[in-house]
Amino acid sequence: MKTIRIDPVTRIEGHARITIQLNDEGRVTDAQLHVTQVRGFEKFTEGRPFYEMPSITARICGICPVSHLLASVKACDAIMAVQIPETAALLRELLHCGQFVQSHALSFFHLSAPDLLLGMDSDPARRNVLGLIEQHPERARNGIALRKFGQQAIEWLAGERIHPSWTVPGGVNAPLSPEARDRILAELPAAKAIVRRTLAFFKGVVDQFAEEIANFGNIPTLYAGLVDATGGLQLYDGKLRFRDAEGNLVADQIRAPQYAQYIAETTLPTSYLKAPYYKPLGVSDGVYRVGPLARLNVADRCGTPEADAEFAEFHQRYGRAAGSAFHYHYARLIEALYALERMEALLADQAILDKHVRAHAGVNALEGVGIAEAPRGVLIHHYKVDENGAIRWANLIVATGHNNLAMNRSVRQVSEHFIDGNHLREGMLNRVSAVVRAYDPCLSCSTHAAGMPDIHVRLLGADGTLLDELRQ
Amino acid sequence: MTKKTRVATVWLDGCSGCHMSLLDIDEALLALAGKIDLVYGPLVDAQEFPKGVDVTIVEGAVSSQDDLEKARLIRARSKLVVALGDCAVTSNVPAMRNNIPVGKLLEGIYGTAPVDGVPPLLKHAVPVHDAIKVDLHVPGCPPPAKAIAFVLGELLEGRMPELAGKVRFG
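So the sequence lines, in the order shown, correspond to chains Y and G. For the first sequence, position 424 (counting from the first letter as 1) is numbered 424 according to the numbering used here, and the numbering increases by one without interruption. For the second sequence, position 49 (counting from the first letter as 1) is numbered 1049 according to the numbering used here, and the numbering increases by one without interruption.
Treat each hint with caution, since some may be false.
[As the list claims (entries may be wrong)] For the chain G half of the interface with chain Y, some residues (derived, Cβ under 8 Å), not all of them:
#1 Asp1024
#2 Val1118
#3 Leu1122
[What the hints assert, rightly or not] Residues from chain Y that face chain G, not an exhaustive set, calculated with beta carbons under 10 Å:
#4 His34
#5 Arg39
#6 Lys43
#7 Pro65
#8 Gly131
#9 Glu160
#10 His163
#11 Trp166
#12 Leu185
#13 Ala186
#14 Leu273
#15 Arg409
Because the hints were derived from the structure by calculation, they are not lab data. Cβ coordinates follow ideal geometry from the N, Cα and C atoms, glycine included.
So that you can see chain Y by itself, here it is in the shape it has in the complex:
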């Protein structure tokens, strides 16, 4: 028996390592993804006032702070037992769309495009965003501009690009100015043009990745995501829906406070990241996925014209429930288009400028659950408070956690297909990392992680002797 370690997994958010076990013939027998750090937000927030939770939990993640802000303020809305003003809901959704654009741009262009454009087997020293700038300057420029658009929209709405304090329990703390609306509207067409261009490009090259598509987490799982009352895609609000690998609905219109009837969590001995599963089916059959691919798999439509056309084409190509994790990339681009179209629609709504944007109240319920779609998938904040509003208990189920079991299975599938233990090549290992990248995990969300120093990949025999080694 031999073991390969990839440590750290690179070009992902947060740090993880992968262990791959091989038998004496050099064939893969098992593989695990380890998430290697824990931050303890659920424990150290005990005793804090509930209204501090949005700004504390935003610090879980610098890529999707807006998602944590939103799940948190929704849980706080429930503790205050208020219905927030309509305009506040529109503004929160608008902010969220900005975040989807920037986060999806980051995942596609900055993190995964080096694999897709420079090649899975290309020189690892140049296989990164700077290498992309050198070899595909126009594509890189587009990625930077698209991410900038999303970040700027967040800044113009909420005052800051990262960890803004605009969203508050009860709504948002300031209305939108016509000037800010017009600034965002002026930049929107260029951002849409970039996404259209990128989608056309991606659809042109996707068939070249047939081997990756067939083996990158091409596994039957359930899918989970938020939808509206008629099954349309929802990012900010909505009810939870599960669909199976054949495309059948298995549960629908689950309200936030009911989540624990459908989702249970187990702890893995090999990771600081907990592993949720679909409770009615148990941990081995209840593996489900969240995020862009899952959202497009569970929803019946996007609800905006261009994204709906792409949605139809996507499902025509890959079926009602597209099974390969490689399709996360494609789904991410469709969602970026949806988010931009949705921003346009929200900004065109006269109600968006209304000045009533915040409901005020004290503690009117001792428990609250907030659910939103983070760019990486369903995000749940669940708090219990005392009469004074101090947190007594908190549970956070983050997007990446839902994908934990599926990522493990995907890592194993890619390893089994691509790794030849007798002839290690860097490109084989990069493909194992690339499937993790497809999920776009956010490990500082999931617990947060840090890799080991002085790391390289080593192949050890059963007696601990070094059989093969890769260093960069």
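With the hints as your guide, set chain G onto chain Y.
Relative to the frame of chain Y, chain G by itself:
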């Protein structure tokens, strides 16, 4: 052509927000590509922290045994170490766990704590300068992109940046 500056970025116990603020220099990244070699960090594929790094930018507090070992390695292999953001400078949010004993913290979250392939936590999350010598502190949660661009610009010109009035905590 002059030799490119060898830059590494590292995150320890942080949220990646400081790295995001670094990317928020937007188009300035394009110019940077011609001046630096990014030799290690979450944005590139190097598996090992290399020797002879000119500038290493560290985000996050030192929270686990891995963080501590990595910090020491960084110091040994870098000419200049920059602590970027409040977690690196003061240990900030990661330190909110410090009054809870580690065993109790893990038990509270997991029941039975994971042990296989995961590094042990230190008793306290500490600022980077508690573990190693730091040459420049850049506070902020996160520091604004403009300040990061200024710091990089000055360092690439061989000057130590004067940050008075350009950054603040929080």
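Evaluation of the provided hints:
no., hint, result
1, Asp1024, "holds, 6 Å"
2, Val1118, "holds, 5 Å"
3, Leu1122, "violated, 11 Å"
4, His34, "holds, 4 Å"
5, Arg39, "holds, 7 Å"
6, Lys43, "holds, 5 Å"
7, Pro65, "holds, 7 Å"
8, Gly131, "holds, 9 Å"
9, Glu160, "holds, 9 Å"
10, His163, "holds, 6 Å"
11, Trp166, "violated, 15 Å"
12, Leu185, "violated, 20 Å"
13, Ala186, "violated, 17 Å"
14, Leu273, "holds, 9 Å"
15, Arg409, "violated, 17 Å"
Violation of the numbered hints given earlier is confined to hints 3, 11, 12, 13 and 15; the remaining hints are satisfied by the structure.
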